[in-house]
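Engineer: Chain Y is already provided as a structure; the job is to place chain H on it using the hints.
2 protein chains.
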Amino acid sequence: MRRGCGVEDGEHGAIRIAPDEVAGPIAELARFGAHGETGVWRTVYSPEWVAAADWYAAQAEAAGLAVRRDAVGNVWARLDGTEDGKSIATGSHLDSQRPGGQYDGALGAIGGLVALRKLRERFGQPRRTLEAVALCEEEASRFPTANFWGSRAIIGQIAPGDPEATIGYDGETIAAAMRAIGLDPDRCGEARRDDLDTFVELHIEQGPLLEQQGLPVGVVSAITGLRHYAVTLHGTANHAGAFPMDLRRDPMAGAAEIISGVVNTAHRMGRPAVTTVGRLAVEPNGAAIVPERVTFTVDARHPDPAARARLYAKHEALIAEVAARRDLDVSWEITHEQDPCVCDAATVATLEAAARALGVPFTTMTSGAVHDTQQMAAVAKVAMVFIQSRDGRSHTPEEYSSPEHLAAGVEVLTEALRRLAY
Amino acid sequence: MRRGCGVEDGEHGAIRIAPDEVAGPIAELARFGAHGETGVWRTVYSPEWVAAADWYAAQAEAAGLAVRRDAVGNVWARLDGTEDGKSIATGSHLDSQRPGGQYDGALGAIGGLVALRKLRERFGQPRRTLEAVALCEEEASRFPTANFWGSRAIIGQIAPGDPEATIGYDGETIAAAMRAIGLDPDRCGEARRDDLDTFVELHIEQGPLLEQQGLPVGVVSAITGLRHYAVTLHGTANHAGAFPMDLRRDPMAGAAEIISGVVNTAHRMGRPAVTTVGRLAVEPNGAAIVPERVTFTVDARHPDPAARARLYAKHEALIAEVAARRDLDVSWEITHEQDPCVCDAATVATLEAAARALGVPFTTMTSGAVHDTQQMAAVAKVAMVFIQSRDGRSHTPEEYSSPEHLAAGVEVLTEALRRLAY
Numbered sequence: 001m002r003r004g005c006g007v008e009d010g011e012h013g014a015i016r017i018a019p020d021e022v023a024g025p026i027a028e029l030a031r032f033g034a035h036g037e038t039g040v041w042r043t044v045y046s047p048e049w050v051a052a053a054d055w056y057a058a059q060a061e062a063a064g065l066a067v068r069r070d071a072v073g074n075v076w077a078r079l080d081g082t083e084d085g086k087s088i089a090t091g092s093h094l095d096s097q098r099p100g101g102q103y104d105g106a107l108g109a110i111g112g113l114v115a116l117r118k119l120r121e122r123f124g125q126p127r128r129t130l131e132a133v134a135l136c137e138e139e140a141s142r143f144p145t146a147n148f149w150g151s152r153a154i155i156g157q158i159a160p161g162d163p164e165a166t167i168g169y170d171g172e173t174i175a176a177a178m179r180a181i182g183l184d185p186d187r188c189g190e191a192r193r194d195d196l197d198t199f200v201e202l203h204i205e206q207g208p209l210l211e212q213q214g215l216p217v218g219v220v221s222a223i224t225g226l227r228h229y230a231v232t233l234h235g236t237a238n239h240a241g242a243f244p245m246d247l248r249r250d251p252m253a254g255a256a257e258i259i260s261g262v263v264n265t266a267h268r269m270g271r272p273a274v275t276t277v278g279r280l281a282v283e284p285n286g287a288a289i290v291p292e293r294v295t296f297t298v299d300a301r302h303p304d305p306a307a308r309a310r311l312y313a314k315h316e317a318l319i320a321e322v323a324a325r326r327d328l329d330v331s332w333e334i335t336h337e338q339d340p341c342v343c344d345a346a347t348v349a350t351l352e353a354a355a356r357a358l359g360v361p362f363t364t365m366t367s368g369a370v371h372d373t374q375q376m377a378a379v380a381k382v383a384m385v386f387i388q389s390r391d392g393r394s395h396t397p398e399e400y401s402s403p404e405h406l407a408a409g410v411e412v413l414t415e416a417l418r419r420l421a422y
Numbered sequence: 001m002r003r004g005c006g007v008e009d010g011e012h013g014a015i016r017i018a019p020d021e022v023a024g025p026i027a028e029l030a031r032f033g034a035h036g037e038t039g040v041w042r043t044v045y046s047p048e049w050v051a052a053a054d055w056y057a058a059q060a061e062a063a064g065l066a067v068r069r070d071a072v073g074n075v076w077a078r079l080d081g082t083e084d085g086k087s088i089a090t091g092s093h094l095d096s097q098r099p100g101g102q103y104d105g106a107l108g109a110i111g112g113l114v115a116l117r118k119l120r121e122r123f124g125q126p127r128r129t130l131e132a133v134a135l136c137e138e139e140a141s142r143f144p145t146a147n148f149w150g151s152r153a154i155i156g157q158i159a160p161g162d163p164e165a166t167i168g169y170d171g172e173t174i175a176a177a178m179r180a181i182g183l184d185p186d187r188c189g190e191a192r193r194d195d196l197d198t199f200v201e202l203h204i205e206q207g208p209l210l211e212q213q214g215l216p217v218g219v220v221s222a223i224t225g226l227r228h229y230a231v232t233l234h235g236t237a238n239h240a241g242a243f244p245m246d247l248r249r250d251p252m253a254g255a256a257e258i259i260s261g262v263v264n265t266a267h268r269m270g271r272p273a274v275t276t277v278g279r280l281a282v283e284p285n286g287a288a289i290v291p292e293r294v295t296f297t298v299d300a301r302h303p304d305p306a307a308r309a310r311l312y313a314k315h316e317a318l319i320a321e322v323a324a325r326r327d328l329d330v331s332w333e334i335t336h337e338q339d340p341c342v343c344d345a346a347t348v349a350t351l352e353a354a355a356r357a358l359g360v361p362f363t364t365m366t367s368g369a370v371h372d373t374q375q376m377a378a379v380a381k382v383a384m385v386f387i388q389s390r391d392g393r394s395h396t397p398e399e400y401s402s403p404e405h406l407a408a409g410v411e412v413l414t415e416a417l418r419r420l421a422y
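Residue numbers (full-length UniProt numbering), protein chains in the order written: chain Y, 1 to 422; chain H, 1 to 422.
The shape of chain Y in the complex, shown without the other chains (with noise of 0.2 Å):
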């Protein structure tokens, strides 16, 4: 083992991962939580949640680093530095939609393993403390409003009150689901970092971009900025048969209107704009029944400050304006906002050389899927590495990167840290 030699550069030092040193851990991470051939259903501080983050744990102290779990079960592995200061880091997220795949979370928060061990084996100690991280949620998927629980934690934007406010699906708060592994609620303040300097994520596309290219890399110079829309439509609930059109106040009618318009409006805006409605219910739903309301979701997403304003504001432009000409009551809330996330230019230009030194394809680009990253951007500089998705599928079993891909992506990424470390 070489230690201190981190000045090493450029093509011939670079070093390479096997796929299968990527692909093999993730197939291990999987089975915690295996649901069905391919999927994953784990979710924060379940107990296959608490077998995965010990089986990480376990991993990085196999790997000769230092382990330690924060306040709200952020997993940590250390390898020190040469030098005082603020630790470039690394990570993402342990948990899993129900079902997710085996690679949205899992990639970045092994990722950043392998990165560490190949670094310390090939040159030993850093000059600066690098670090790898499993953060503990990011999906809401077991608690609707948690999003980003881990992340949020370490930059101190988790309020006293919210771990008992937090409801789970099934009732339950997050603050009785961190009791019941032994984490204390009242503590989470104490995961807050601010000895932080960088975070990289390393992470699946989950869109077809870089597919639809050949790339096996993309390096993210921007996170796109999210609103959810929750709108309800009322009009009034009549007889399929009875009533004539001409008078009907039918909020089907409204919402497939404004439906149709948002996704056109944010198609006709173009590439990075999207705009979804993938959640919707009515009441009271009888086939021979013009609905009485229909409340439904809009989820809209710019990366760019000003189109994503006009964005927003042509969405709810259209939406006042179907409900007033069709005679319904309208309402909607913002359940969501999300600002978007510029990353750091240097960071960028850092994981860039790195790709181009492997001579690893890459583009740049934007991320349309929100990430810790985000969070993050509060207290380090940041930024991303995205692999390609086949079929650009994620949230589902059917999800799926290649090991060729995995590998590549920690290539780069194990490149950055030894230039941003060494």
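Read the hints as simulated data drawn from the structure, not as lab findings.
The model shown is predicted, which means the values in this text are computed figures rather than measured ones.
Each hint should be verified, as a subset may be incorrect.
Said to hold, decoys possible - Over the 10 Å line for every Cβ pair with chain H, so calculated as not near, a few chain Y residues:
1. A63
2. I155
3. A240
4. P244
5. D246
6. G359
Stated by the list, open to error - Covered stretches of chain Y (chain H as the covering partner; in silico rule of three or more C-beta atoms under 8 Å from a C-beta of chain H):
7. 166-172
8. 202-208
9. 289-299
10. 320-333
11. 365-373
Built from N, CA and C at the ideal position, the CB exists for glycine as well.
Structural biologist: The following block gives chain H in isolation, referenced to the frame of chain Y:
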């Protein structure tokens, strides 16, 4: 009591009904399955329904009518005529939506009783046999495929396997529900009647047209044809942020376009065409996931056979076109099909003459709702009488008709039965 004086006719001899004579028993009947202040929740063969049927039978006996319950639980009240021959019958159903109002079905069942009691009291034995019937089931509110169970039994349209194959929302068979109250499902065939000459059904309009015209009564000359489609659009579930608009196979966008289209088609075709999308379900129904599958119903109605065929063809063409253009897999099935029913011209004329003779303002109209009468048309000459519904509301506890309008409807029915039977 005058017997055999049925030749009396015209304005001065007509039977007048006081408002309370109809509203009173309707309020009494509404106690069985009362739901809130004004609603009724009375599904076929439930304890509330049994109590209502017993009450109806007792009312009929008290009115001097011969009571008989048939094999499916229809309650028949009979006033024998002096001549042999087929009966003149009237009635409607005892079951309700969940919850429904006090008037849907109940008015026609009670109106028949009141008419026969009044005719017997005033004119004694008729020339032709008169019957009033409380039909057991029309709404399919407990067993979704049971629609018209009572009238279908009368016309012989319950097949031997049907009772075991008709499954309730709670999983029970209608056969088990019949046995539980002492009916033998193997004997449904015995409810068949081939000795009905005429069937007239009194019912609330369930729409706003009579109210808009300021009329208490409508004479129904045709009942709409109806088709229910169950449409499934299957696309590809994708991440709502990471998947560009131009690459999506979004079944929600397709459903919205189809729903807007079918609603507009019926609207442009003009009254009495109606098309309703009342039920819709999304999978997986997450705010941040482009849906994989959207299923919805299309209820389309027109009383004119040719116009109805055009309406259905336009709907089917639109569904196919949108699915193909958006690269969605589409399937649909016709889950309910009801041919239009043209009422018997002579019976319609009798009802019109009765209303004229009584000085009750009326219009002749079509029914956009389906009714037991459409089934009864297989074995009898049929027509209907509507009365005004407040705000056109029905299938809700808010359903309301004024005591004066209830009485006006029963007056027209009574006078028409007098003309037909005396």
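Engineer: Each of the hints needs a verdict: does it hold here or not?
Structural biologist: So, going through the hints one by one against the coordinates:
no. : hint    : in the structure
1   : A63     : holds (31 Å)
2   : I155    : holds (21 Å)
3   : A240    : violated (4 Å)
4   : P244    : violated (5 Å)
5   : D246    : violated (7 Å)
6   : G359    : holds (26 Å)
7   : 166-172 : violated (count 0)
8   : 202-208 : holds (count 4)
9   : 289-299 : holds (count 5)
10  : 320-333 : violated (count 0)
11  : 365-373 : holds (count 4)
When held up to the earlier numbered hints, the structure conflicts with 3, 4, 5, 7 and 10 and fits the remainder.
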